[in-house]
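Novice: Take a look at the letters that make up each chain.
Number of protein chains: 6
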Amino acid sequence: MRPSGRQINEMRKVTIETNVTMHAEGSCLIKCGNTHVLCTATIDERVPPFLKNSGLGWVTAEYGMLPRATNTRMRREAKEGQSGRTQEIQRLIGRSLRAGVDRVALGERQIIVDCDVIQADGGTRCASITGGWVALKLAVLKLMKTGQISSDPLVDPVAAISCGIYAGQEVLDLDYPEDSEAGVDGNFVMTGGRLVEVQMSAEGATFSRAQMDGLLGLAEKGVAELTALQLAAVR
Amino acid sequence: MRPSGRQINEMRKVTIETNVTMHAEGSCLIKCGNTHVLCTATIDERVPPFLKNSGLGWVTAEYGMLPRATNTRMRREAKEGQSGRTQEIQRLIGRSLRAGVDRVALGERQIIVDCDVIQADGGTRCASITGGWVALKLAVLKLMKTGQISSDPLVDPVAAISCGIYAGQEVLDLDYPEDSEAGVDGNFVMTGGRLVEVQMSAEGATFSRAQMDGLLGLAEKGVAELTALQLAAVR
Amino acid sequence: MRPSGRQINEMRKVTIETNVTMHAEGSCLIKCGNTHVLCTATIDERVPPFLKNSGLGWVTAEYGMLPRATNTRMRREAKEGQSGRTQEIQRLIGRSLRAGVDRVALGERQIIVDCDVIQADGGTRCASITGGWVALKLAVLKLMKTGQISSDPLVDPVAAISCGIYAGQEVLDLDYPEDSEAGVDGNFVMTGGRLVEVQMSAEGATFSRAQMDGLLGLAEKGVAELTALQLAAVR
Amino acid sequence: MRPSGRQINEMRKVTIETNVTMHAEGSCLIKCGNTHVLCTATIDERVPPFLKNSGLGWVTAEYGMLPRATNTRMRREAKEGQSGRTQEIQRLIGRSLRAGVDRVALGERQIIVDCDVIQADGGTRCASITGGWVALKLAVLKLMKTGQISSDPLVDPVAAISCGIYAGQEVLDLDYPEDSEAGVDGNFVMTGGRLVEVQMSAEGATFSRAQMDGLLGLAEKGVAELTALQLAAVR
Amino acid sequence: MRPSGRQINEMRKVTIETNVTMHAEGSCLIKCGNTHVLCTATIDERVPPFLKNSGLGWVTAEYGMLPRATNTRMRREAKEGQSGRTQEIQRLIGRSLRAGVDRVALGERQIIVDCDVIQADGGTRCASITGGWVALKLAVLKLMKTGQISSDPLVDPVAAISCGIYAGQEVLDLDYPEDSEAGVDGNFVMTGGRLVEVQMSAEGATFSRAQMDGLLGLAEKGVAELTALQLAAVR
Amino acid sequence: MRPSGRQINEMRKVTIETNVTMHAEGSCLIKCGNTHVLCTATIDERVPPFLKNSGLGWVTAEYGMLPRATNTRMRREAKEGQSGRTQEIQRLIGRSLRAGVDRVALGERQIIVDCDVIQADGGTRCASITGGWVALKLAVLKLMKTGQISSDPLVDPVAAISCGIYAGQEVLDLDYPEDSEAGVDGNFVMTGGRLVEVQMSAEGATFSRAQMDGLLGLAEKGVAELTALQLAAVR
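Residue numbers (full-length UniProt numbering), protein chains in the order written: chain A, 1 to 235; chain B, 1 to 235; chain C, 1 to 235; chain D, 1 to 235; chain E, 1 to 235; chain F, 1 to 235.
It should be emphasised that the hints constitute simulated quantities derived from the structure, not laboratory data. Using N, Cα and C, we set each Cβ at its ideal position, and we do this for glycine too.
List of simulated lysine to aspartate or glutamate pairs, EDC-like, C-alpha gap at most 16 Å:
#1 B/K79 x C/E77
#2 F/K79 x D/E80
#3 A/K142 x A/E45
#4 A/K142 x A/D44
Among the chain E residues that face chain F by a calculated CB cut under 8 Å, a handful are:
#5 Q87
#6 E88
#7 R91
#8 R95
#9 L195
#10 V196
#11 M200
#12 S201
#13 G204
#14 F207
#15 R209
Facing chain F, from chain D, some residues (calculated, C-beta under 8 Å):
#16 H23
#17 A24
#18 D114
Given the sequences, and given the hints that come with them, work out the whole structure.
Specialist: Following this line, the structure appears as structure tokens:
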């Protein structure tokens, strides 16, 4: 039934290659099927103004897409400024990652996670969160190794997956052909078995509480699998 | 327990005054407690380029806040451009309103709904959706009166309410003092008893599926009350 | 002869409702016929850089118009930046209000007056000045009540009115139907019986010194009436 | 009494050199004392969209200042966009020049007048209007010579002069040392012995109707002298 | 003598991997030592306005750098607009590639070459030109395969290499440690054994005609090697 | 053979008039045939942030063109921001001028050189460098006269000239009719007999090393003549 032939509750194949760039303090290339995102984490010893002398750390994210990451070339945002969609996505990534951070343990410093989509086939924001956490963790491990921080501010991984209603059926991990057809789809961010963000959206459609519950169940399954991959990647 | 003394499942008092400006084709001033939003609907016989000659209508929304709608004066967006938050909100309002529109019945024209916050005390995006639907409906009624459209493209009202976890408790319709304390809060948009958008967000916190379910229940109660008020307003 | 049936030297009905928003230090809603402007005054204990350590206060103004305040919807300035017209108007409002301020008595602080047009029918800049002074005065009274300033920095009200040549006749207080027809129109700002600003402008027309004198006479009459209303509003 | 030693009703020496650039259809360098403005007129056979197929012509103006035209170097506007002051000035120049144009006789074409201040010593907007008219006239004469227009759309010259109250005295044609001291100053635009624009402004001061009348008298004298120079320049 | 231990006339190891993204009509990942650039070519059947109905094709380029491609994270250009440096580089890439194109043979269509730096270690603009030509060629081959164009518009490869004076010595292919020390460096673009662009620049230094000649000789050697790699890659 | 009738190695007539504006610390109007550029130098006792407390001075440049400096009126950059071309040119001027500055002798201050093209006929960037050096020198002489600096930080003049291949022939100092035809042209900046910048560019053409050498020879001749004029101007 699905264009890719996957089962209803079957994710695409996910791989996470770490330390892919020589400059960043943490980095990975996450591939969720044909969606490829390069995630880098940069440690900045300065915090934003509102946290000066607070003793608290900060994690923020930026998101971008190469112009030809998509089937049809998109305008380069550097030429016209970030779209509302881009800003919305990077705010979501930042909030999600912060949900898994002990900001006292991190200390008064900032980690900036850049997520740049090299190739897009649906689910780029979820891949960015999942891969972004890996880059973040690698940067934190570097800080621990040098003794700049003593207790790990990242306990459970933060991971995200999309689910939606495709052809009347609740399915896990929409790829682009499904996403462009689905009237209802959403993104679920979880950590430690609990929810962090839920963003369900319907374009020209609606959904029931029962369907919502079904999607939550699928998301739990997907996130559990992603978490295992994240832990393997940073070990 | 709540700063306002309200029950856990008690909304703020809501009033909707219609036809409040002389120029707009539809308008209302919605007050949800101390949150006041002026909503106007403008009929534009031209559609966006991607809908030219499609026979389909469009509904879009813009959102703004007067600089001193808030406790601390905010920068005027006209001076520095719309923030990411503003764009995110107006995209949500537009998607939500479109969920309740039969775009064939509307015909190839656009209705622009402007939601301008005169005074803010939490829940401005939900008030904008609820009031925006009223302005939209009034504009549509004008089109029906003049015979420009023959069957009503708006069947069920679209309404929205916030819920969140405040002091460990699931509560309905957060005001600003609650919102600024709540670790978890969300916005629920519904129409005809079904969900349109769910946006749950946690800043420095997480929530369980059971809590999610509790919040959905509260939202259903709130939206039912709002829907009754909307129908009374446009009658 | 006038579209509204008013006498040549007759102003529209003016009402000034004070304390209309819960957050601002001073506020009013001024209605000059169908022109409605919400004015708020915000006290800011910081002054602009050029006044640091000068002991002098500052008053500035910003002006905006809701997109559907006008008959035809205007673009939202937040999306494209303030137009030249908007900047010109807010500079005029700021200069006018400062003319009535004893900046030593105000002390080294700034008051920002926001004038937002809710509904427009001609004369919005004059209504903004007249209502802006009321909001400013209410904020100053609050500073006096708390003892933050000891002598009143605002002596005489500042008020403004438009006059123009309509159908060959000098008339007081142009509404939109007159304004769009008048070849010559102007705005007169006065305080304490003296002039502060005069802005006469002719689009495709000219005027004589005698006509100029006639308009000044009408303006004096209008401002005297406005001043009485301002004093009543802040009492 | 005046820093320059001029009489109260004495203008600075004004010279107008024509045809100073090889490319423009009309051009002049106007020097009003130490204020030097290069004015060029460009004929554009296209009109703005709102005039398409109207048979009416248009005249518009743009104003700029070289960064070191002033005593202290100013930011280059190309780097940060036109200031409100710049836009206000160029709108004034455009309106003023249009007051002297028969737009039917001009025919459906546009003339753009660029006024660029090479050196500033007060009164740049007035010099721009006076010199701008000369550039405009020269461009129109070229159109008449080639037979593109048959009757002269420019009858009387449009000229402008500043007046103000300096050291308690009404004076003609303020230079920068006077302008920076004067509490009250204004710009008067005239054509054919009648007024086109009056912009009186007071920063921290006020003025009486009698003073206003005195300034108008000075302006009439100044404009008469400028008009003679304009006519000589274009002969 | 060189930090990398390379000979004076020795280039870094260069590899060109083709068809690295699923969406672009042509693509490659070029690695010049630690400088990695992803180049994609997009075929657009529309040409820029100035070429409409000319029968001529166009090739243009855009250049970007991921924020953490460099040792210190750079601001994301999408947030603040393209810098002068970025624009200068992409204009150079476009001009260089066009030098090797027969625009009549290409036909009235545009090919957009995007060069995005994944990792930077000096010489990114040269790598972009060399890799950009490969992506362009692959897109053109696709057009020939489908019969959309009949004769190959690309005859000789266009390639570029940097040379400079490091520690008093003329050296080929500067890496970042050399580039940041070199007082004199330049980029040489060649095709078919002839020069297309030469950009020599000295920051706080100068150079003689003899040195210039030496650098030209090194560049010829480097470009010859790159050309062989390009031809191998597209075969 | 050349449109102007000049010899192949003959520059246009160059004149340099100094001290042409009353405000700038150094200024000149350079005319290279019909290309006229006004250059002013402004002394600023503050340096850019990256030089604070370094003891080193800085020289930077900005470049602009009046809208009607060209045959066809160009958009005013103040309205739309500096184009890539403008930024590229002003970066070149700044780098070139700095090549002739002893930044220790200049002391921790900045000199800003503004080059504004009054009339353009090809070669505006070269005229800006040559004239810009004169303005810079005059400002430095003022600093030496007042004793603010003791040893001259400018030893040899920096001058620039264009050369290109026109009608198959290497020619010196292209004017606009030649420049718009030449497939290959370049700018050569020199000081003290040595090269500072070389920018050869070919649009739809290529050139040999022998041609490159011929152009270098022409440039040496031109710069020698310009240098003599610069020294005469500042004496």
